[in-house]
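Chemist: Residue 15 in our numbering is what sits at position 15 of the sequence shown, and the numbering runs on without skipping anything.
In short, the hints are calculated from the structure, not lab data.
Here the structure is a predicted model, which is why all the values come from computation and not from measurement.
Check the hints yourself; a few may be wrong.
Only pairs whose alpha carbons sit at most 25 angstroms apart, straight line, appear in this in silico DMTMM-like list of lysine to aspartate or glutamate [as the list claims (entries may be wrong)]:
#, residue 1, residue 2
1, K72, E47
2, K72, D48
3, K72, E20
4, K72, D103
5, K72, D102
6, K72, D85
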Amino acid sequence: MGESEGVEGGVGYFMWSITENRLIMDEVTSGYHGFSAEVGAQGVTIEDILERIDIDMRDRVASAIIDSITEKALFDQRYKVIRPDGTTRIIAARARPIFDADDAPFLGLGAVHEVTFKRPRLLGGT
Numbered sequence: 001m002g003e004s005e006g007v008e009g010g011v012g013y014f015m016w017s018i019t020e021n022r023l024i025m026d027e028v029t030s031g032y033h034g035f036s037a038e039v040g041a042q043g044v045t046i047e048d049i050l051e052r053i054d055i056d057m058r059d060r061v062a063s064a065i066i067d068s069i070t071e072k073a074l075f076d077q078r079y080k081v082i083r084p085d086g087t088t089r090i091i092a093a094r095a096r097p098i099f100d101a102d103d104a105p106f107l108g109l110g111a112v113h114e115v116t117f118k119r120p121r122l123l124g125g126t
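Sequences and hints are given; from them, build the entire structure.
Modeler: Structural data, given as structure tokens:
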């Protein structure tokens, strides 16, 4: 499979090792973000994900990630992904940080689904 080929449709899942900055994705999540299933299974950095988010939304999403960790809050965002092949997807993502016994964040668990056709304005349409 190519870089942005993957199984799409339905709900995708991911796990982010905050301490190692390694986000591991299933095939659905990988495909939505334009990564091959193999790359998603090996893991990417959170910066790799942010680079694929539309520049106008990137700071908001990055701030929401930080807020989720520092405020122990649910991450609940919608954002536009621009995949390497030029296609775009609107993604709804929800995640929660997990904290260890010392109250340090070490893991993020979440799910994503595509809402491209429910949110056409985010693609620049009407």
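Chemist: A separate judgement is required for each hint: does it hold in the structure or not?
Modeler: Cross-check of the supplied hints:
{"no.": "1", "hint": "K72 to E47", "in the structure": "21 angstroms, holds"}
{"no.": "2", "hint": "K72 to D48", "in the structure": "23 angstroms, holds"}
{"no.": "3", "hint": "K72 to E20", "in the structure": "19 angstroms, holds"}
{"no.": "4", "hint": "K72 to D103", "in the structure": "10 angstroms, holds"}
{"no.": "5", "hint": "K72 to D102", "in the structure": "14 angstroms, holds"}
{"no.": "6", "hint": "K72 to D85", "in the structure": "35 angstroms, violated"}
Consistency note: the structure conflicts with earlier hint 6 alone.
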